[in-house]
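There are 10 protein chains.
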Amino acid sequence: MSDSFKEILETFPNPHPNRDYLIETVCPEFTSVCPKTGQPDFGTLTITYIANEHCFELKSLKLYLQEYRNHGAFYEDVTNLILNDLVKITQPKWMQIIADFTPRGGIRTKVTVEYPSLAIHSQG
Amino acid sequence: MSDSFKEILETFPNPHPNRDYLIETVCPEFTSVCPKTGQPDFGTLTITYIANEHCFELKSLKLYLQEYRNHGAFYEDVTNLILNDLVKITQPKWMQIIADFTPRGGIRTKVTVEYPSLAIHSQG
Amino acid sequence: MSDSFKEILETFPNPHPNRDYLIETVCPEFTSVCPKTGQPDFGTLTITYIANEHCFELKSLKLYLQEYRNHGAFYEDVTNLILNDLVKITQPKWMQIIADFTPRGGIRTKVTVEYPSLAIHSQG
Amino acid sequence: MSDSFKEILETFPNPHPNRDYLIETVCPEFTSVCPKTGQPDFGTLTITYIANEHCFELKSLKLYLQEYRNHGAFYEDVTNLILNDLVKITQPKWMQIIADFTPRGGIRTKVTVEYPSLAIHSQG
Amino acid sequence: MSDSFKEILETFPNPHPNRDYLIETVCPEFTSVCPKTGQPDFGTLTITYIANEHCFELKSLKLYLQEYRNHGAFYEDVTNLILNDLVKITQPKWMQIIADFTPRGGIRTKVTVEYPSLAIHSQG
Amino acid sequence: MSDSFKEILETFPNPHPNRDYLIETVCPEFTSVCPKTGQPDFGTLTITYIANEHCFELKSLKLYLQEYRNHGAFYEDVTNLILNDLVKITQPKWMQIIADFTPRGGIRTKVTVEYPSLAIHSQG
Amino acid sequence: MSDSFKEILETFPNPHPNRDYLIETVCPEFTSVCPKTGQPDFGTLTITYIANEHCFELKSLKLYLQEYRNHGAFYEDVTNLILNDLVKITQPKWMQIIADFTPRGGIRTKVTVEYPSLAIHSQG
Amino acid sequence: MSDSFKEILETFPNPHPNRDYLIETVCPEFTSVCPKTGQPDFGTLTITYIANEHCFELKSLKLYLQEYRNHGAFYEDVTNLILNDLVKITQPKWMQIIADFTPRGGIRTKVTVEYPSLAIHSQG
Amino acid sequence: MSDSFKEILETFPNPHPNRDYLIETVCPEFTSVCPKTGQPDFGTLTITYIANEHCFELKSLKLYLQEYRNHGAFYEDVTNLILNDLVKITQPKWMQIIADFTPRGGIRTKVTVEYPSLAIHSQG
Amino acid sequence: MSDSFKEILETFPNPHPNRDYLIETVCPEFTSVCPKTGQPDFGTLTITYIANEHCFELKSLKLYLQEYRNHGAFYEDVTNLILNDLVKITQPKWMQIIADFTPRGGIRTKVTVEYPSLAIHSQG
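So the protein sequences, as listed, match chains A, B, C, D, E, F, G, H, I and J. Counting in UniProt numbering, the first sequence runs from 1 upward without gaps. Counting in UniProt numbering, the second sequence runs from 1 upward without gaps. Counting in UniProt numbering, the third sequence runs from 1 upward without gaps. Counting in UniProt numbering, the fourth sequence runs from 1 upward without gaps. Counting in UniProt numbering, the fifth sequence runs from 1 upward without gaps. Counting in UniProt numbering, the sixth sequence runs from 1 upward without gaps. Counting in UniProt numbering, the seventh sequence runs from 1 upward without gaps. Counting in UniProt numbering, the eighth sequence runs from 1 upward without gaps. Counting in UniProt numbering, the ninth sequence runs from 1 upward without gaps. Counting in UniProt numbering, the tenth sequence runs from 1 upward without gaps.
Treat the hints as calculated values from the structure; they're not laboratory data. Where is the CB? At the ideal position from N, CA and C, for every residue including glycine.
Each pair of labels, with its calculated beta carbon distance range: (1) D/D77 - A/P13: 42 to 50 Å; (2) D/D77 - J/E67: 25 to 33 Å; (3) E/K36 - D/T102: 31 to 39 Å; (4) D/S117 - A/E7: 52 to 60 Å; (5) J/S117 - G/S117: 29 to 37 Å; (6) C/L63 - G/E67: 54 to 62 Å.
Chain A on its own, in the form it takes in the complex (with noise of 0.2 Å):
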């Protein structure tokens, strides 16, 4: 499923390789459809990184987010294959996506994921 969408990702060189910073993209209109329910969606998308050769374009990112409007998604599953995504495409020093799902039944959840590793003493 991811494969097919991660084609809809372009990226552009990053124009200070020699360089270590942090670009941080915030996409509040996500929305994806629940495979159980049929119901839809929505969540803030946080996506950080310190890029290596390659930075994603912003304009093909919300293509590739877009199309997740009328696919089915677990939360905690979406943010893990966006990150997939995401690294296989831009292959950077270190990501970060976090999810903010709007409430369902009085309950919200956010997902928190990290490439390569989790930094689990920063969670504060």
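We have chain A already, so just place chains B, C, D, E, F, G, H, I and J on it with the hints.
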């Protein structure tokens, strides 16, 4: 007491067990009954964990927490008991529960429990 | 002075003494009297601790703090004295009191005391 | 210049010299005059310290800061000079001043000074 | 391109070169032009540094940033170029620029660059 | 149904019956049960009135509202029933209840009822 | 177009038809598609009305609004069409819809429609 | 009771008696004692008036309100009594007192009184 | 001056001309140049109107406002000129523009213009 | 006293005298000296008016308000005097000044004056 409630909890397999990632679930509609006064208490539970093999299922979590609706429970005790139940059912790598209760007599209380151990240095 | 107030404080056994966990109690209605001007002072006390064998009981805490209502007390002194009393009565593993007073003459003051020692590195 | 102002500052003995604790004083009504343009500047000073033997007295602090009302002072300079004066008078274990000035020309400036040394790692 | 703008920047001697201290300057009115679409972009720059011998002068900073008003610039590139210019002119011990741009297509971007190196552990 | 709950409500004589004045009581901890799904609902009631001869007593109001804790009630209906009860017991000159319920399925509902009549022009 | 969606809407009898009262329903998860660009739009609908004989049922409202998910709709048009549908199905005494859309190209739009007439004087 | 307190209040001549203008005084540190439970109550008084010949003096107002510190007083009663005192002493053209008390038992209360009459239409 | 800019504005037919309804458009990225100092100004325009036969098209509005980017304009004048242009092009039943500019010299200015007439009573 | 300050104020011709429109100017950096205690006072002035033939010039307003920096002034008096000066110099159709002062002794004061008359009904 807590044992019978725990049976309501259901799990599903962690879809990405090879990656450590954080799942945060916020439940602002927790209510129980004060064993001393018989008056209802209200609070917000924030459950954060790094799953091992199992994630807890959100609908079963909601039903589990509703079992406390007419149940006597002290702040410090109930937070620990819920942690015990969620740890038993999911066997997580790490789990934290922050229970933030509404004011009583002008005083409000927040209890923070962690498994396997409290990261004292991150209380700032 | 403080010794007589301390007798008001009651404790109950820590229901989960084998686990280190944080209990935070916020008291926004603390008031005392300035020994210099005789004018009332107002502040919010935030008491956080890791209990050992004993937790302080909330109703007795409320009555204890009310003893300061017509009592002369300087900001720095009273915060330390309350910490001393709560430490004596509960013998905690760790305790912190933050006392945040309302402005006087356009200046407001906040005092932070800890037992057994101030974690200077976490003041950020 | 600063020496004469310093004489206004008064101290009182630290009531709990055996315990390291933080005292934070916020003064939102600081005003001085820009030496270049002659226009008034406005800012909020946040003074935090761990006292040794002496604490500064709040009323004298207020009068001391009022001395700058019609006094020419650059942002970076005046923050350092006030730190120098308060260190000289109280000899603290640690002291920090954060001076947050209101915008000029659409730009606002905040200066953070510490004694004895800047904790660079805590600037986050 | 950036070289000519840099000539606008002026410095003044650090009034307290023997003490390391932080100067933070917030410029909420930065605007440039997207080289791709020709549309204006808007953002807030937060420049923080520990000066060595030289501080940048605020009025010249304002004029320097205004040079970008009708200049094509990508988010990631322009943030790095401004850092390069400010580092060249002030030779600071440490400098950080956070550039927070307003949303485009429902997506907003923030770029964080540091000299001499990114403190990865402080991104929390 | 509502008749039996009404018996819990107590009143006291209006201490200033010769002056029309407003009494506003905010109850953020109202909870009932959805008759359709059996799931708990949560809301905040804001009761405002101009008393005639009688004011409702706050402790009895709290106990009265707690009767709904395990009682099936639709949003629109329960707000009207509570108004009916409070009007019967206090015979006010004017009374308004605003019931603001937490979201269900991403949708939240607020019901505003008035006695003796809705002031349509003040809904802005 | 809108006629077919309207069939999804269900009503229930107003439980208190003899009293005029306000029902406000907030739907923050409305999304449709721009007919010009094919890009998704997002907005919050606030529907307020005084019912006559019929109230709209919330679950059917949710399903009705979801029909717009992949449907082309201009801001001004869709707000009026939804008002038309809800008026036809409930025949209210008064109804207002405020549709507040997220920014596009740095510009955000809010449309306010009323039945039977716009209360111009209450737009403050 | 209130008569003796009233003697503390002082007035000064309205400096602009030929112009009707509003004076609003906010006192966030009002505290009295509940006559039933003996427990302290806390609230914020907002006093607004159009002076006639006399304005109340702020320092005497502060001392007057401090007389309630250890005095038994019900919410509805005390707000009316303070209005009576301030009206007697200043003989204003119009005066309003809003007394907003902190929560007790999860319920908070606000009392609004006016002289000479409540402007019911402005309660929105 | 303004005449040439006006030609950029495009309209589309009001889709519901038989109903009076409000369209509010918020443009937070307006910038022009002060004719006196040559310095850029920044502001947020909020345009609200009841359309007659024509609505203004949003993309053309954006391009129209961008024409002011390098154009000299005083606050009071430019707000009136934009109202004149939008009234000429759309012939609305009612239109209001609120222009809220960022601070200069510690002072910020907001200009409110209406067509056909200012509703003085709604300025509260 | 005020007469001499008034000479600092300058006006410019209202660029659109045929249309009634509102100009609001917010000055958050007003400071004067209490004639009783000699202590500085701080406040925010919000000046709103409908110009006739003349608008006041902002730079001269700033200099005019700075004249109060070392000048003794009571809250109620100074607000009226500033209104008198601004009315004399601009002869407006309507003008309002709201002066909101920072707390003294835990009490803060706001004075609202209008020319030609106070719109009592809009004080809500």
